[in-house]
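Colleague: Spelled out, the chains give:
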Amino acid sequence: AQTVTQSQPEMSVQEAETVTLSCTYDTSESNYYLFWYKQPPSRQMILVIRQEAYKQQNATENRFSVNFQKAAKSFSLKISDSQLGDTAMYFCAFIYSNAGGTSYGKLTFGQGTILTVHP
Amino acid sequence: NAGVTQTPKFQVLKTGQSMTLQCAQDMNHEYMSWYRQDPGMGLRLIHYSVGAGITDQGEVPNGYNVSRSTTEDFPLRLLSAAPSQTSVYFCASRTRDRGSPLHFGNGTRLTVT
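Residue numbers (my numbering), protein chains in the order written: chain A, 1 to 119; chain B, 120 to 232.
Take the hints with a grain of salt, since some may be wrong.
What the hints assert, rightly or not - One side of the interface only, derived from the structure: several residues of chain A facing chain B at Cβ under 7 Å: (1) MET45; (2) GLU52; (3) TYR96; (4) LEU107; (5) GLN111.
It should be emphasised that the hints constitute simulated quantities derived from the structure, not laboratory data. Here the structure is a predicted model, which means the values were calculated and not measured. Ideal placement from N, C-alpha and C gives every residue a C-beta, glycine not left out.
Use the sequences and the hints to build the structure in full.
Modeller: Here is the structure:
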């Protein structure tokens, strides 16, 4: 079974600074995808960024980028120029697909990291 | 485009009562799933479906039933509510394409007293 671990229950950062959220995972699969989701106080789940395991290039979306280390099974999220609106819980998630397709939709989530951006 | 619609947003039940959480999506997604979110535990998969007429159990299925009679709808039934089922519930859907992300509803906060 796949596991996803976020070892930082809470983090804080000053506005305009950079913060990195950690995520490690355990899998024997070679073909998979990793995601970061953001959950603001509104409770809505918002996709932040996606990484394909077979792509060595780290994904980037505006101020959000990842450091994907496949051998180390590490997938950290870097938020640059932090904004007050980045205050949220962030979830790391993993999904793979097998030949039968029955694992489709089975996203495995980490425990979450609460990020607070201070003015 | 409504996306994934969950109802109700909030619900309070007494122990032993039953209820159905509704979920509908208008994106023609093949895959739908239910998660529960509890503090310190992330989101855990309850049940999922890979298409109409096909459902399967996730990580924490006990006390819940699902059915998928249409592509659009995937209701979650609590058979006999227990305080341990107090949680926030999310319905989510995605296409069958590899790596396609989950699209989430806005969640239901359920309290069982």
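Colleague: Look at each hint and say if it fits the structure.
Modeller: So, going through the hints one by one against the coordinates:
1. MET45: holds (4 Å)
2. GLU52: holds (6 Å)
3. TYR96: At 9 Å from the nearest chain B Cβ, TYR96 (chain A) fails the 7 Å test, so the hint is violated.
4. LEU107: Holds: closest Cβ of chain B sits about 6 Å from LEU107 (chain A), inside 7 Å.
5. GLN111: holds (5 Å)
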